[in-house]
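Trainee: The residues making up each chain are set out below.
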Amino acid sequence: MEAVPVLSIFAENKPGKLEKITEVLASEGINILGFSIISVKDFGVIKFLVDKPEKAYQKFKEKGFTVAKILCLGVELEDRPGGLYEIVKLISSKGINIESALVYVAETRKKAYFVFEVENLEEAWQKLKNEKVNFLKASDFINE
Amino acid sequence: MEKRYFNPKIELISKEELRALQFKKLKRLLNKVYKKVPHYRKKFEEAGVKPSDLKTLEDIRHFPFTTKEDLFVDYPFGLLSEPLEKVVRLHTSSGTTGKPKALFFSKKDVMAQAELIARSLVMSGATSKDILQNSMTYGLFTGALVMHYGAELLGMLVIPAGPGNTERQIELMRTFGTTCIHMTPSYALYVASVIQEKGLKPGVDLKLKRAYLGAEPYTEETRRKIEEMLKIEVFNCYGLSEMGGPGVGFECPAKKGLHIWEDAFLVEIVNPENGEPVKPGEIGELVLTSLNREAMPLIRYRTRDLTHFILEPCSCGRTHVRIARILGRADDMFIVRGVNIFPQQIEAVLMGIKGVAQNYQIILEGYDEMIVKVEIDRDFFDGRIERLLKLKEEITEKLRQAIQVRPKVELVEPGTLPVSEGKAKRVIDKRTL
Chain A
1 MEAVPVLSIF
11 AENKPGKLEK
21 ITEVLASEGI
31 NILGFSIISV
41 KDFGVIKFLV
51 DKPEKAYQKF
61 KEKGFTVAKI
71 LCLGVELEDR
81 PGGLYEIVKL
91 ISSKGINIES
101 ALVYVAETRK
111 KAYFVFEVEN
121 LEEAWQKLKN
131 EKVNFLKASD
141 FINE
Chain B
1001 MEKRYFNPKI
1011 ELISKEELRA
1021 LQFKKLKRLL
1031 NKVYKKVPHY
1041 RKKFEEAGVK
1051 PSDLKTLEDI
1061 RHFPFTTKED
1071 LFVDYPFGLL
1081 SEPLEKVVRL
1091 HTSSGTTGKP
1101 KALFFSKKDV
1111 MAQAELIARS
1121 LVMSGATSKD
1131 ILQNSMTYGL
1141 FTGALVMHYG
1151 AELLGMLVIP
1161 AGPGNTERQI
1171 ELMRTFGTTC
1181 IHMTPSYALY
1191 VASVIQEKGL
1201 KPGVDLKLKR
1211 AYLGAEPYTE
1221 ETRRKIEEML
1231 KIEVFNCYGL
1241 SEMGGPGVGF
1251 ECPAKKGLHI
1261 WEDAFLVEIV
1271 NPENGEPVKP
1281 GEIGELVLTS
1291 LNREAMPLIR
1301 YRTRDLTHFI
1311 LEPCSCGRTH
1321 VRIARILGRA
1331 DDMFIVRGVN
1341 IFPQQIEAVL
1351 MGIKGVAQNY
1361 QIILEGYDEM
1371 IVKVEIDRDF
1381 FDGRIERLLK
1391 LKEEITEKLR
1401 QAIQVRPKVE
1411 LVEPGTLPVS
1421 EGKAKRVIDK
1431 RTL
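As given, the protein sequences belong to chains A and B, one line each in that order.
Take the first sequence: its letters are residues 1 to 144, numbered as in my numbering.
Take the second sequence: its letters are residues 1001 to 1433, numbered as in my numbering.
Careful: at least some of the hints might be erroneous.
To be verified - Taking beta-carbon pairs under 7 Å as the criterion, some of the chain B residues facing chain A (in silico): (1) E1410; (2) L1411; (3) E1413.
Unchecked claim - Under the rule of at most 20 Å between Cα atoms (straight-line distance), these lysine-lysine pairs were calculated in the PhoX-like manner: (4) K1024(B) - K1009(B); (5) K41(A) - K1390(B); (6) K1373(B) - K14(A).
Please keep in mind that the hints were generated in silico from the structure rather than gathered at the bench.
Glycine residues also receive a C-beta, built at the ideal position from the N, C-alpha and C atoms.
All chains, please: the whole structure from these sequences, using the hints.
Mentor: Now the structure itself:
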């Protein structure tokens, strides 16, 4: 399965929270490749695709953050009008519900990936694996 | 299991003999305070009773209660029933405002309370081979010193650690092989979480067997949590400075309620509103008379602590009455939208929910809004927001069922709510009505 690790951090909705989180990555020389923020009033979840996910996970733990690793699927997007639409249409046509998503721009104006979280990873993979799309591999971006 | 007793003659005394003993002691006590303490004499006269009116133990109900306010009449020595030269120890108990309650003990009082502790420690399974780390506050507060004397009487090695400085606490435990700890439950939770964070293995890195936790009310769930985290047995102990500190109520290995040593205390439970005895087994305010106290006995003292009797005979063989763990302070109660709520009700619900860490805070604000801040369990978080939303909904619904008020639940990160190393401050009332 071509699943990729995404870090997910629980954060209370307070000023300076995102700053503290990104500071950890900056000070450890970890590159953020893509991120998303979901907020529900008093708390939120911040997700990161990074080049050193294992190191980032350990550092967040050490510093007392509430962090988890989730596996996501990444599918390449074409950089043209309708690029995202076609990928999302493909995913929904398989009855797969996207729980959260982020975009990873691998090469500016050339190559980007739609990285998304589903409830049942295995099932989603089985439904998509034979489609004519390029999946993001962990080895494409992980550098540790 | 082998049954051991520190003072089997008293601990296994028959109910009839116990009642006769109590009657004899009570009679003598009433005579003494009537004669020697002007304030008691005045109160008895106002209530129209004399010590000779006590014909049976039940007649105690005709005698007036002693309340916190009485302790401030002719302060600080007004309630002494012995000359000051017989007094060897002062303890105080801080009120929220003003002067502290001043409690005095004679040499005999100090040793008598130590015996109650020694009995209780043996009851829990401890022997003179055990090592007790005493992490209550030494000083004016009774908690540490009274336990200290009792443990020494039994012959335990006592480490007078005092509270706080968690790093040092754990270091002491490791260096000296502490087997028993005495602290508040909220601090025990904190210490246990630090031990876990350090990756120390109970049973391997630590030799802990038992914890005596008291000085603030806690729930059965909290007990289980601490027992699991530290792989120990937790014994609930109850006391109040007015009654000599810890050693008033103590659990036996059956852990179904706390025995109160009835040769030392006359125990009543009354309706907090009108002072009438409640029906057997009903919840009410604990009222205690210190039968052995020499320097400053208290007659029918209103503890403000809520509990109920446990009526069945205890499997440990001791005949002394049991009360349920303290369900709340009559003063802790707060009212939201007309409903009486105790923090312990909230705690009981939270501790029963998977995904919730050990700390919580209740904030009352605005027009009777109740916010419950709950720390999530680090291991519960799997990265998905849906799971958090479900948890929040579950907490809200279970709290609504338990207290009949729908609170606003806020999930917060573990370790962000204040942990008090002492009596936990759980309720913050910001309402301006």
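Trainee: Hints numbered earlier in the text: which of these fail when held up against the supplied structure?
Mentor: Violated hints: none at all, because every hint is consistent with the structure.
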